[in-house]
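Residue 124 in our numbering is what sits at position 122 of the sequence shown, and the numbering runs on without skipping anything.
It cannot be assumed that every hint is accurate.
[Unchecked claim] Think about it this way: if two alpha-carbon atoms lie no more than 30 Å apart in a straight line, the pair counts; the simulated DSBU-like pairs of lysine-lysine are:
1) 43 - 140
2) 140 - 76
3) 127 - 100
4) 100 - 125
[Said to hold, decoys possible] Okay, the calculated beta carbon distance ranges per label pair:
5) 116 - 164: 13 to 23 Å
6) 175 - 140: 17 to 27 Å
7) 174 - 112: 20 to 30 Å
8) 127 - 72: 29 to 39 Å
9) 141 - 173: 18 to 28 Å
10) 39 - 161: 34 to 44 Å
11) 186 - 108: 36 to 46 Å
12) 116 - 83: 15 to 25 Å
13) 162 - 87: 29 to 39 Å
14) 39 - 162: 33 to 43 Å
15) 110 - 68: 36 to 46 Å
16) 109 - 73: 31 to 41 Å
For the record, the hints were derived by calculation from the structure and aren't laboratory data.
All values derive from a computational prediction rather than experimental measurement.
Backbone N, C-alpha and C define an ideal beta-carbon position, used for all residues, glycine too.
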Amino acid sequence: MVHLLHTMESGRYSTNKSTLFLLSVLCAAGNKTWAHGVVFKSRLWDVNQKSLYLQNNELIAGYLQAPNSALEEKIFWIRNRAFGQENFPVILSIQGGKSSLACSPGTPPELQLESVNIRDLCKDKEASTRFTFFMSNKDGVWRFESAAHPGWFLCTSSKANEPIGLINNPGSSHLVDFYFQPES
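I would like the entire structure built from these sequences, with the hints used as guidance.
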């Protein structure tokens, strides 16, 4: 796997940044395999540089300066094998994988945090649908589309210190593009 990653980075094969990102994450997993439900840890922040932090059981996007940077929530994620190989389905969580992001069943859907362990969710497609997001990458930024509500994306407000949510019509008031960086 490491050899393949180095070969792709050298330019011998045509690839994109999302492929390199995913391969680097796989390499970082060591002997663990993708198919065995490895949980990965990453930083996630919006294109306006707002980090995520927890406040009153809500995930908030805001500017965290040096003294508050320790408040940043890391995103723990696992590939949802129940959805097969298409569209790169993932389940996102915080607090070490113990509090997962979910879409409410109603219309319009709302983003919720639920005390469900990330490893318990990818066993059943139907039960995990509202916790699943399809990751896509374009020009180095990532989007997360709800599996339960196609066309609805994870978003932040253009204003600081607002809860993250879901939107189906992105515009100047909401951001759906994120930077996503693996951590060890």
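Results of checking the hints against the structure:
no. : hint                  : verdict
1   : 43 - 140              : holds (21 Å)
2   : 140 - 76              : holds (22 Å)
3   : 127 - 100             : holds (19 Å)
4   : 100 - 125             : holds (16 Å)
5   : 116 - 164: 13 to 23 Å : holds (20 Å)
6   : 175 - 140: 17 to 27 Å : holds (21 Å)
7   : 174 - 112: 20 to 30 Å : holds (21 Å)
8   : 127 - 72: 29 to 39 Å  : holds (37 Å)
9   : 141 - 173: 18 to 28 Å : holds (19 Å)
10  : 39 - 161: 34 to 44 Å  : holds (37 Å)
11  : 186 - 108: 36 to 46 Å : holds (38 Å)
12  : 116 - 83: 15 to 25 Å  : holds (20 Å)
13  : 162 - 87: 29 to 39 Å  : holds (38 Å)
14  : 39 - 162: 33 to 43 Å  : holds (35 Å)
15  : 110 - 68: 36 to 46 Å  : holds (37 Å)
16  : 109 - 73: 31 to 41 Å  : holds (33 Å)
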